[in-house]
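Protein chains: 2
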Amino acid sequence: MIKRRDFLKKASVAAIGSSALITACANEKDNQGPAVISDKKYEWKMVTAWPPHFPILGEGADKLAKIIESMSGGRLKIQVYGGGELVPPLEAFDAVGSGVAEMCHSASYYWAGKTPASQFFTSVPFGMNTQQTNAWFYFGDGLKLWEKVYDSFNLLPMPAGNTGGQMGGWYNRKINSLADYKGLKMRQPGIGGNVITKAGAAAILSPGGELYTNLERGVIDAADWVGPYHDYLMGFHKIAKYYYYPGWQEPTGVVELIVNKSAFNNLPKDLQEIIRYAAKSYQSEMISEFENKNQEYLAKMNEEKVNILPLPDDVLTAFRKFSKEVIQEITDADNLSKEVYESYLKFQKNISTWTKIAEYNYLGS
Amino acid sequence: MIKRRDFLKKASVAAIGSSALITACANEKDNQGPAVISDKKYEWKMVTAWPPHFPILGEGADKLAKIIESMSGGRLKIQVYGGGELVPPLEAFDAVGSGVAEMCHSASYYWAGKTPASQFFTSVPFGMNTQQTNAWFYFGDGLKLWEKVYDSFNLLPMPAGNTGGQMGGWYNRKINSLADYKGLKMRQPGIGGNVITKAGAAAILSPGGELYTNLERGVIDAADWVGPYHDYLMGFHKIAKYYYYPGWQEPTGVVELIVNKSAFNNLPKDLQEIIRYAAKSYQSEMISEFENKNQEYLAKMNEEKVNILPLPDDVLTAFRKFSKEVIQEITDADNLSKEVYESYLKFQKNISTWTKIAEYNYLGS
Numbered sequence: 001m002i003k004r005r006d007f008l009k010k011a012s013v014a015a016i017g018s019s020a021l022i023t024a025c026a027n028e029k030d031n032q033g034p035a036v037i038s039d040k041k042y043e044w045k046m047v048t049a050w051p052p053h054f055p056i057l058g059e060g061a062d063k064l065a066k067i068i069e070s071m072s073g074g075r076l077k078i079q080v081y082g083g084g085e086l087v088p089p090l091e092a093f094d095a096v097g098s099g100v101a102e103m104c105h106s107a108s109y110y111w112a113g114k115t116p117a118s119q120f121f122t123s124v125p126f127g128m129n130t131q132q133t134n135a136w137f138y139f140g141d142g143l144k145l146w147e148k149v150y151d152s153f154n155l156l157p158m159p160a161g162n163t164g165g166q167m168g169g170w171y172n173r174k175i176n177s178l179a180d181y182k183g184l185k186m187r188q189p190g191i192g193g194n195v196i197t198k199a200g201a202a203a204i205l206s207p208g209g210e211l212y213t214n215l216e217r218g219v220i221d222a223a224d225w226v227g228p229y230h231d232y233l234m235g236f237h238k239i240a241k242y243y244y245y246p247g248w249q250e251p252t253g254v255v256e257l258i259v260n261k262s263a264f265n266n267l268p269k270d271l272q273e274i275i276r277y278a279a280k281s282y283q284s285e286m287i288s289e290f291e292n293k294n295q296e297y298l299a300k301m302n303e304e305k306v307n308i309l310p311l312p313d314d315v316l317t318a319f320r321k322f323s324k325e326v327i328q329e330i331t332d333a334d335n336l337s338k339e340v341y342e343s344y345l346k347f348q349k350n351i352s353t354w355t356k357i358a359e360y361n362y363l364g365s
Numbered sequence: 366m367i368k369r370r371d372f373l374k375k376a377s378v379a380a381i382g383s384s385a386l387i388t389a390c391a392n393e394k395d396n397q398g399p400a401v402i403s404d405k406k407y408e409w410k411m412v413t414a415w416p417p418h419f420p421i422l423g424e425g426a427d428k429l430a431k432i433i434e435s436m437s438g439g440r441l442k443i444q445v446y447g448g449g450e451l452v453p454p455l456e457a458f459d460a461v462g463s464g465v466a467e468m469c470h471s472a473s474y475y476w477a478g479k480t481p482a483s484q485f486f487t488s489v490p491f492g493m494n495t496q497q498t499n500a501w502f503y504f505g506d507g508l509k510l511w512e513k514v515y516d517s518f519n520l521l522p523m524p525a526g527n528t529g530g531q532m533g534g535w536y537n538r539k540i541n542s543l544a545d546y547k548g549l550k551m552r553q554p555g556i557g558g559n560v561i562t563k564a565g566a567a568a569i570l571s572p573g574g575e576l577y578t579n580l581e582r583g584v585i586d587a588a589d590w591v592g593p594y595h596d597y598l599m600g601f602h603k604i605a606k607y608y609y610y611p612g613w614q615e616p617t618g619v620v621e622l623i624v625n626k627s628a629f630n631n632l633p634k635d636l637q638e639i640i641r642y643a644a645k646s647y648q649s650e651m652i653s654e655f656e657n658k659n660q661e662y663l664a665k666m667n668e669e670k671v672n673i674l675p676l677p678d679d680v681l682t683a684f685r686k687f688s689k690e691v692i693q694e695i696t697d698a699d700n701l702s703k704e705v706y707e708s709y710l711k712f713q714k715n716i717s718t719w720t721k722i723a724e725y726n727y728l729g730s
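Going down the list, the sequences are from chains S and W.
For the first sequence, our numbering gives the first residue as 1, with consecutive numbering after it.
For the second sequence, our numbering gives the first residue as 366, with consecutive numbering after it.
Quick caveat, the hints were computed from the structure, so don't treat them as lab data.
Note that beta-carbon positions come from the ideal geometry of N, C-alpha and C, so glycine has one too.
Wrong hints could be hidden among the right ones.
[Unchecked claim] To spell it out: a stretch of chain W is covered by chain S in this simulated footprint if at least three of its residues, at any positions, have a beta carbon under 8 Å from a beta carbon of chain S; those stretches are:
no., segment
1, 488-499
2, 529-537
3, 610-620
4, 648-662
5, 672-681
6, 718-724
[Said to hold, decoys possible] Simulated crosslink set (EDC-like; lysine to aspartate or glutamate; CA at most 16 Å straight-line):
no., chain 1, residue 1, chain 2, residue 2
7, S, Lys338, S, Glu69
8, W, Lys606, W, Glu669
9, W, Lys714, S, Glu296
10, W, Lys711, S, Glu296
11, S, Lys261, S, Glu147
12, S, Lys40, W, Glu669
13, W, Lys405, S, Asp39
14, S, Lys346, W, Glu661
15, S, Lys349, W, Glu661
16, W, Lys711, W, Asp506
17, W, Lys721, S, Asp62
18, S, Lys269, W, Asp506
19, W, Lys509, W, Glu707
20, W, Lys634, S, Glu69
21, W, Lys442, W, Glu408
22, S, Lys198, S, Asp314
23, S, Lys77, S, Asp62
24, S, Lys41, S, Glu69
25, W, Lys703, W, Asp506
26, S, Lys66, S, Glu43
27, S, Lys241, S, Glu304
28, W, Lys431, W, Glu408
29, S, Lys356, W, Glu669
30, S, Lys238, S, Glu216
Required output: the full structure, derived from the provided sequences and hints.
Right, here's the structure in full:
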C-alpha cells in the first residue's frame, strides 16, 4: 500500500503550474534494431452459438474476427461460422476442445451439462450487474476461476462482450402475486427455469424459432428472451399483454470467446496478446451497442403503448429465496461450482455496498 | 432493420438440436501467401497529466504503453513520462499537438481553456454514468464529436479508461440544507465549482499536494477528490467529519488517450488499430480496477466508522438547477459546446428511461 506521504508527494507534482522536471530522453536507451516479427500466417475458424450474423451477438463474432485480423496485419485470419454452419450451436464447446475450430463465440451457461460451474460466468439470478461482474473477472478471482474450470477441456475462456441487464419477460397472464405462477407455462432457460418451477410454474424449453408461434397460440403463457431490441425484432409486443421488469434472472449477460489452448500456445506472443485485448476491447463495444439499441427500442415500445410493468415485490422476494436454493443444490453437487460461487458471492456482497452508495444513489437522485 | 421473419429464420438455427449445415471450409479461399508486416520500429513518448505511477491513473498509462508494445511485438515502444517529468501536467495537450510527445494520457476537462467543449467528454454534473457515456461515445455521436473538437489541434482522442462514479466529497461542516453552502470554502474544480458558487460557496483551487494540510488547518472547509480508494490514500477520513454522496459533480470520469494526428497517420494500419483497441480494452480494465479498489476502501472506511452521509434532497435539486444554468452559460458562449451538449443531453434523456427500467430497478430489487 502507498503511504500517504509518498502519495502526497506524487500528487503535488500534478498540481497546476508545477514546474517541469525535464528528464533525460529515454528514447536512446533502447536501440535493439528492428523488431523481429514472424510473418507466418494463420487461418483459424471461429464457430458460434448464435445464428449467422444474429443481431449484435453474431455480428459481434464477425467484428471481433475483423479486429483481430486488422491488428495482426492479416497474419491471423479468422473465418466465422454461424451456429449450424460448421457444427450445431450447442456443439461449439466440444468443437473447439477437439480442434475442429480454434475459437468459439458463445455464452458459458450453455455448457452447464459439460461442467456445472460454467453457469456462474454468464449471469447469476439476483447476482452482479455488468460493471460488478467485470471487476470480479479482472480484479477478483473471476477470470482465474473461469480458466481453471475450462482448463481440463483444453480451452481458454475470455469475456468478450455483454448483453447488459435483460428484461423480466413477456406474459399473457397478469402477475399480481406469487400465486399467479402456479401452472404458468413459461419459456425460461437455465437457473431461472428452476426458480419459477419452485413457484409452481412449468419451465418449457422452446427453441427461438418457435417461441413467437408458441406464445401466440397459447402453448406457453410467458417467455423470457433478451431485452427491448431483440424482443421487438421477435415481435413479442404484438402478441403478449405485459412486459415485466426487472430481469432478475439475468442482471448481466457475459459473452465469451473460447480459444483452443494448444492452438493459442502455438501462436507467437504478439498474436496471443492481440486476441486477449481484442476480446477485452469488445467488452465495452458490445455492452454499448446493446445499451444504445435497447434504449431506442424501449422508446418504440413506449410509443406503441406496450404495457411495461414491475414484477410485484413478493414475487422478487420469493424468487431471491428460490434462487439461493437452486444455487445451493448446484454447489452441493459439484465442488468446482462451490469454489466458484463462494468467490462470486463474497465479491458480490462487498461490491454491492459500494454500488448502492455511489451508482444506485446517483441514479435515484 | 431486420424483418421479423428473417430474424426468426436465423433464430431457429440456434435452437437446441438443430442439424449442422456443413459448409465448404473457407480456409482455402484466401491463399495470398504470407502477410506483409513492416518491421519498422517506432519509439514514442507518452506524457501524462498524472503524477508518475499515480495509483490506477498513472499506473494505467504505464500498462497501456505495455499493452501496445506487446501487441505490436515490440515495433511500437512507448516511453511514459509522469506529469512534470517531460512537460508540466497541464501542458500535455500542447506537447502532443506540437509533437514534443506523440501521446498523452489525461482527462479532457483539463483542456477547457483550450476549447470549452472538451469539458463534456470527461463528465457532466448530473450527466450520464459510465455505461451510458460509453454508449454515447461508440454508438451515439460522442466520439465523432470529440474527434471534431480536437481536430483543429492536430489531435485524435480516444476514451481509454474510467474512474467510475465518484463521491460527493469531504466536509468539516454538516450539510443540513442548501443554506449551509453559504460561505463554505470548498475545493471543487470544473463545472461543479461554478455550481457551488451559485449556492454561495467559494470554490477554491487547491493543488493535490496541499489539499490535506489546507483541509486540516481549516483553510478550506470541504474538498472533492476522487472516490474511496484515492481519498483513503490521501487520509481525508482522519481529518474530515463527513463523507458525502452521491458524486453529482462527476457521475463518471472518462480518461483519454490523445494521439498526435500526423504521427498516427504515419503509422502502418495494423499499429493504428493496435492503439485504438488497446485504448478500448483499457476502458473495461480501468473501471474494473477502480470499482474493485473503491469497494475495498469503502469497507475499510466503514470499519473505521467514517461518517458517510447522503446530501439532502434540496441540495441536489438546487444543484441540478444550477448545473443547467452553468452549462447554459458555456453553450451560449461557444457553438461547438452547444453542438456537443445538445447531442449529449438528447442521448442522456433517451438512455435514462432504459437505465431506470432495467439497471436502477434491478439494483433496488
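Practice prompt. Go through the numbered hints given earlier and state which of them the structure violates, listing their numbers in rising order.
Written response: As far as the earlier hints go, 7, 12, 17, 18 and 29 are violated by this structure, in ascending order.
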